[in-house]
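Fit chain B to the supplied structure of chain A, relying on the hints for placement.
Same order as they appear, the protein sequences are chains A and B.
Counting in this note's numbering, the first sequence runs from 681 upward without gaps.
Counting in this note's numbering, the second sequence runs from 473 upward without gaps.
Heads up, some of the hints might be wrong.
Claimed, not checked - If you want a taste of the chain A side facing chain B, the calculated C-beta under 10 Å gives, among others: (1) Phe-713; (2) Tyr-715; (3) Gln-717; (4) Thr-724; (5) Leu-725; (6) Ser-768.
It should be emphasised that the hints constitute simulated quantities derived from the structure, not laboratory data.
For each residue, glycine too, the CB sits at the ideal point set by N, CA and C.
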Amino acid sequence: SAVISQKPSRDICQRGTSLTIQCQVDSQVTMMFWYRQQPGQSLTLIATANQGSEATYESGFVIDKFPISRPNLTFSTLTVSNMSPEDSSIYLCSAPVYQGDTGELFFGEGSRLTVL
Amino acid sequence: SQKIEQNSEALNIQEGKTATLTCNYTNYSPAYLQWYRQDPGRGPVFLLLIRENEKEKRKERLKVTFDTTLKQSLFHITASQPADSATYLCALQVGGYQKVTFGTGTKLQVIP
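The following block holds chain A by itself, in its conformation from the complex (with noise of 0.2 Å):
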């Protein structure tokens, strides 16, 4: 298993501002992903984070809105900048466990960002 914490839990925004949130896990993990779950919504992926190289982002996320780095096996961080309401999400670091070729997911309890 995995604990995995994020930080922060929530803020509150100001528009054109950036944040960064933070994703610690427990143990050493190969990959972490990015999600983020708009209001009543399921969970759409932003990117993965591999350590040691650059952050592959999903269609309709790029590399200068929302920026990672993973500087080793336990640590994350997203930034979302330049935020505008529409960035009021949850956002939820993930990383998985592995059995054999399968693996469960791993979350963060989530960052609840609010922008003005």
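Same frame as chain A, but now just chain B:
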């Protein structure tokens, strides 16, 4: 386009009954299908995984079926309890790729 669809409306059932949630997908060939539970304000929690070559998987009061011909999974909770009230998400993992794609989720309410 690829879609993972679950019952969009909330499912209300009486305590003690069996809850059945549906997950349908199109334009995917998943190697694995997973089910997660999400409580309000919390991150999803993994429940069960079923492989493409498995028809059924059980864990305590939970049962998952996987029909790759129908492109459908059914998730059953037997002897449901109010504590089972939550949103349940199905998720697909395509073989060879690590990322997991989530469905729309179904909110379950078990009424005492």
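For each hint, the structure was consulted:
{"no.": "1", "hint": "Phe-713", "result": "7 Å, holds"}
{"no.": "2", "hint": "Tyr-715", "result": "8 Å, holds"}
{"no.": "3", "hint": "Gln-717", "result": "9 Å, holds"}
{"no.": "4", "hint": "Thr-724", "result": "8 Å, holds"}
{"no.": "5", "hint": "Leu-725", "result": "6 Å, holds"}
{"no.": "6", "hint": "Ser-768", "result": "15 Å, violated"}
In summary, the one numbered hint that this structure violates is 6.
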